[in-house]
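Asker: Sequence:
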Amino acid sequence: MTKVLIVDDDEPLLRALRLNFAARGYQVQTATSAGAGLDAAAHHPPDLVVVDLGLPDQDGIDVVTGIRGYSTVPIIVLSARHGGPSKVAALDAGADDYVTKPFGMDELLARMRAALRRAAPAPAAPVVEASSFRLDLSTKQATGPDGRPVRLTPTEWHLLEVLARHAGKLVEQRQLLREVWGPQYETETNYLRVHFANLRRKLEADPSRPRHIITEPGIGYRLEVTPGAAPASS
Numbered sequence: 001m002t003k004v005l006i007v008d009d010d011e012p013l014l015r016a017l018r019l020n021f022a023a024r025g026y027q028v029q030t031a032t033s034a035g036a037g038l039d040a041a042a043h044h045p046p047d048l049v050v051v052d053l054g055l056p057d058q059d060g061i062d063v064v065t066g067i068r069g070y071s072t073v074p075i076i077v078l079s080a081r082h083g084g085p086s087k088v089a090a091l092d093a094g095a096d097d098y099v100t101k102p103f104g105m106d107e108l109l110a111r112m113r114a115a116l117r118r119a120a121p122a123p124a125a126p127v128v129e130a131s132s133f134r135l136d137l138s139t140k141q142a143t144g145p146d147g148r149p150v151r152l153t154p155t156e157w158h159l160l161e162v163l164a165r166h167a168g169k170l171v172e173q174r175q176l177l178r179e180v181w182g183p184q185y186e187t188e189t190n191y192l193r194v195h196f197a198n199l200r201r202k203l204e205a206d207p208s209r210p211r212h213i214i215t216e217p218g219i220g221y222r223l224e225v226t227p228g229a230a231p232a233s234s
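Residue numbers (this note's numbering): 1 to 234.
If you're looking for bench data, these hints aren't it; they were derived computationally from the structure. Accuracy of the hints is not assured; some may be wrong.
[Claimed, not checked] Heads up, simulated DMTMM-like pairs for lysine to aspartate or glutamate below, C-alpha to C-alpha not over 25 Å straight-line:
1) Lys101 / Glu11
2) Lys140 / Asp59
3) Lys101 / Glu172
4) Lys101 / Glu156
5) Lys140 / Asp92
6) Lys140 / Asp206
7) Lys3 / Asp39
8) Lys87 / Glu129
9) Lys101 / Glu129
10) Lys169 / Glu129
11) Lys169 / Asp106
12) Lys202 / Glu129
13) Lys3 / Glu107
14) Lys101 / Asp47
Generate coordinates for the entire structure from the input sequences, incorporating the hints supplied.
Answerer: The following block contains the structure:
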């Protein structure tokens, strides 16, 4: 059964969506705030998320950003904001689709089916554990082996998020540059060298012999979080 998480504080709409989705065979979970939505997504990973932008504690875009940090689950934004900037911001944050209120239920259901068809087969885990660090991708919090916070820049987080979505697999330099900086920066490999050197300094027990943030020279990078990962030179 496909699991759908709805994040919206409009109780009548939430009730209508829950009833319509359940009647069509979806397993429905609801949340009425951004914080509750992020918690639900992390602890009970859904197959699809429907989120409103006007939430009481945070903007719905924060929910999109938080979930997209560790998961490729389809996200559909519902909003009464018809302006172009809101749509652009939501899509740039990682939303797969944007539906303006009021909307037809049949149209929303069709968009959900389309998003699910395009979806990756399984979401990633929101927490990455390694011998020298712990990353909570949903809250963007990093801690060292002593439990103390490690401050990472937004760019460093973005690089880690891309690697975490492909944990254990090589991510090519061009893909990293395209996803983090944009297609016009695909040849700027010096950007990667600088930022990954900083990440190793902050997260690796021995930055000169990294066990988790691995370089494949001239090709790309890999996040290795299994015990006993072989060291690689930077």
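Asker: So, against the hints stated earlier in the document, which numbers end up violated here?
Answerer: 3, 4, 8, 9, 11
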